Structure formats: C-alpha cells, structure tokens
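Visitor: Sequence:
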Amino acid sequence: MSELTQAQHQELDRANRAAAITQDPIVVAAIARLGEDIFEVWKDPKLNAEQREELHRMHRTLERFVGLLDAYVMGGAEPRHILGLPAPEKSFFQRIKEYFNGQKG
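Residue numbers for the sequence shown follow our numbering, beginning at 7 and rising by one.
No wet-lab data here; the hints were simulated from the structure.
Just so you know, these numbers come straight off a predicted model, no measurement behind them.
It cannot be assumed that every hint is accurate.
[What the hints assert, rightly or not] Cβ-Cβ distance ranges computed for the label pairs, FRET-style: (1) Gln16 to Leu53: 20 to 30 Å; (2) Pro51 to Gln12: 47 to 57 Å; (3) Asn22 to Glu60: 27 to 37 Å.
Note that beta-carbon positions come from the ideal geometry of N, C-alpha and C, so glycine has one too.
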C-alpha cells in the first residue's frame, strides 16, 4: 500500500466527511423535499416575475450545494485509488433524484 502525502490525506478526509453527509438519509430527504417545495411554490400562477426569479435563484443555490458536496466526494478519488479503496457507488445528486422519484436507495 502506498503512502499518501499530507495534502492527499486532507483530500481523503474531506471526501470521507462529505460522503458521510451525502449518504445520510435525512440529508437526502431534506434536500429532495426542499427542491420539491421550491418547484411546488414556483407553479403558483399568482407569482410575479420577481418572485419566480427568486425561486429560481433558490433552486440554483440548492443545485450548487449538491454539486459542491459531490465535488468534495470526488476530490478523494486519487487518494482512494492509491490506497485501493472503492469509489462511491452513487453521486449525491443521484441519491436525491432516486429519493425524489420514490426509489429511496
């Protein structure tokens, strides 16, 4: 087994912490629910353009949050490979999408 540099250890630690967050069913359910709630409010025909724009910004922020956590998880790919550890089976986005579609996996 190869040794990791300090930077690789930090990368792997960050990836492991992000993976723990992204695999927590409560976190997945909460983020899926937020996305669903934003969409449901957005469908209201009484909303004006400014309100819809704000909801759009909220949705984009939620997507960015999910993307950043996925990026941290993927940032540990090199140290995992060096140590012969498996890569995560699913991305955070995939977990949320499955939850949203009722496939809670």
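Visitor: Indicate, hint by hint, whether the structure satisfies it.
Guide: Right, here's what the structure says about each hint:
Hint check: Gln16 to Leu53, Cβ distance near 44 Å, so the stated range 20 to 30 Å is violated. At about 56 Å, the CB distance of Pro51 to Gln12 agrees with the hint of 47 to 57 Å. The hint said 27 to 37 Å for the Cβ distance between Asn22 and Glu60, and at roughly 35 Å that hint holds.
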